[in-house]
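Participant: Residue numbers (the working numbering), protein chains in the order written: chain A, 1 to 147; chain B, 1 to 143.
Simulated from the structure, these hints should not be mistaken for laboratory data.
Hints are not guaranteed to be accurate.
Said to hold, decoys possible - Listed below are the simulated DSSO-like cross-link pairs for lysine-lysine, each with C-alpha atoms no more than 27 Å apart in a straight line: (1) A:105 <-> B:74; (2) A:133 <-> B:41; (3) B:17 <-> A:133; (4) A:105 <-> B:41; (5) B:41 <-> B:12; (6) B:6 <-> B:58; (7) B:62 <-> B:101; (8) A:105 <-> A:133; (9) A:20 <-> B:12.
Unchecked claim - With the Cβ distance kept under 7 Å, some of the chain A side facing chain B (calculated, not the full set): (10) 6; (11) 35; (12) 132; (13) 135.
For each residue, glycine too, the CB sits at the ideal point set by N, CA and C.
The primary structure of each chain is shown beneath.
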Amino acid sequence: MVEWTEEERAFIQEIFSKLKYEVVGPKSLCRALIVYPWTQRYFAHFGNLYNEDAIMGNPEVARHGVVVLHGLDAALKNMDNIKSNYAELSELHSEKLHVDPDNFKLMADCITVVIATQMRSSFTPAMQAAWYKFLSVVVSALSRQYH
Amino acid sequence: MSLSDKDKSLVKAFWAKVAPKAEIIGHDALYRMLSVYPQTKTYFSHWPDMSSGSAPVKNHGKKIMGGLAEAVAKIDDLVGGLLTLSELHAFQMRVDPANYKILAHCILVVLAVYFPDDLTPEVHLAFEKFLANVALAMSDKYR
Chain A
1 MVEWTEEERA FIQEIFSKLK YEVVGPKSLC RALIVYPWTQ RYFAHFGNLY
51 NEDAIMGNPE VARHGVVVLH GLDAALKNMD NIKSNYAELS ELHSEKLHVD
101 PDNFKLMADC ITVVIATQMR SSFTPAMQAA WYKFLSVVVS ALSRQYH
Chain B
1 MSLSDKDKSL VKAFWAKVAP KAEIIGHDAL YRMLSVYPQT KTYFSHWPDM
51 SSGSAPVKNH GKKIMGGLAE AVAKIDDLVG GLLTLSELHA FQMRVDPANY
101 KILAHCILVV LAVYFPDDLT PEVHLAFEKF LANVALAMSD KYR
């Protein structure tokens, strides 16, 4: 069981209260597809991912970016039992989507960089530490059902 | 994942914007690394003070950014150009190579904070590749 201090909980709440899903979601997924191009292997059905402009203008990428970001809501709502809340999503990523779990970390890093561009100096080192812990728990939960 | 000519020119152009703020960025990135990844503190147990704004953190952040400036200047041959630094990291400091990725991520987060519009996905890609190649040069002599 993960232990959260009051300060960590407050940091996570603050980040989500300022989070614009329709901005951060698309930007994060675009960044992952561009910075780590091998992740494009999961999105061949999205059409044109030929170059940076195509990716950034692709409406399916934008839509899916929002979906991925909302995937974090389950963790926010139940920070004391993130593991059990992701069992289903974990199985989906393993059995149906066949996503290499290393990619979860890459996506987490991209979300963090985009949040840094949005929150700027208010994304303090202490806040980043809490956020990294939060995302690490989610990534671990998502990787759990792989076998 | 070697650097293309385009990567190199993107890195140089971005670095020109970053350089004036190098000291602030170096300190911020290093302090974030120590805060977010506390296991990295093991390399600095000899420091009397690891707090934000402390002299050791400021000085070392400046040193790291100085190293990166040198790397930008020698971007066409990082292993050769950074030989002295490489030997230092290999034979004396022996930093576990996994930590270079951690520091690189912290540098990128700070660059995102200070240059949100300049750190486009394209520039992010080039700069991250650059940092990965610097890390390879740093650990070139390890074994």
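Participant: Determine for every hint whether it applies to the structure shown.
Facilitator: The hints, checked one at a time:
Annotation: proposed proximity of residue 105 of chain A to residue 74 of chain B is violated, straight-line Cα distance about 31 Å (limit 27 Å). Under the criterion of a C-alpha separation no larger than 27 Å, the hint pairing residue 133 of chain A with residue 41 of chain B is consistent with the structure, at around 17 Å. Between residue 17 of chain B and residue 133 of chain A the CA atoms are separated by roughly 31 Å; this puts the pair beyond 27 Å, and the hint is violated. For the suggested pair residue 105 of chain A and residue 41 of chain B, the alpha carbons sit about 22 Å apart, so the restraint of at most 27 Å is met.
In summary, the hint linking residue 41 of chain B to residue 12 of chain B is not supported, as the alpha carbons are separated by about 31 Å, beyond the 27 Å threshold. In summary, the hint linking residue 6 of chain B to residue 58 of chain B is not supported, as the alpha carbons are separated by about 32 Å, beyond the 27 Å threshold. Restraint check for residue 62 of chain B and residue 101 of chain B: the C-alpha separation of about 19 Å stays at or below 27 Å, so the hint holds. The suggested pairing of residue 105 of chain A with residue 133 of chain A holds, with an alpha-carbon distance near 12 Å, which does not exceed 27 Å.
The hinted pair formed by residue 20 of chain A and residue 12 of chain B fails the criterion: a straight-line CA distance of about 32 Å is larger than 27 Å. Checking residue 6 of chain A against chain B: minimum C-beta separation of about 18 Å lies over 7 Å; hint violated. A least Cβ separation of about 5 Å between residue 35 of chain A and chain B falls short of the 7 Å threshold, and the interface hint therefore holds. The criterion of a C-beta within 7 Å of any C-beta in chain B is met by residue 132 of chain A, whose closest approach is roughly 5 Å, and the hint holds.
Because the beta carbon of residue 135 of chain A sits about 11 Å from the nearest beta carbon in chain B, more than 7 Å, this interface hint is broken.
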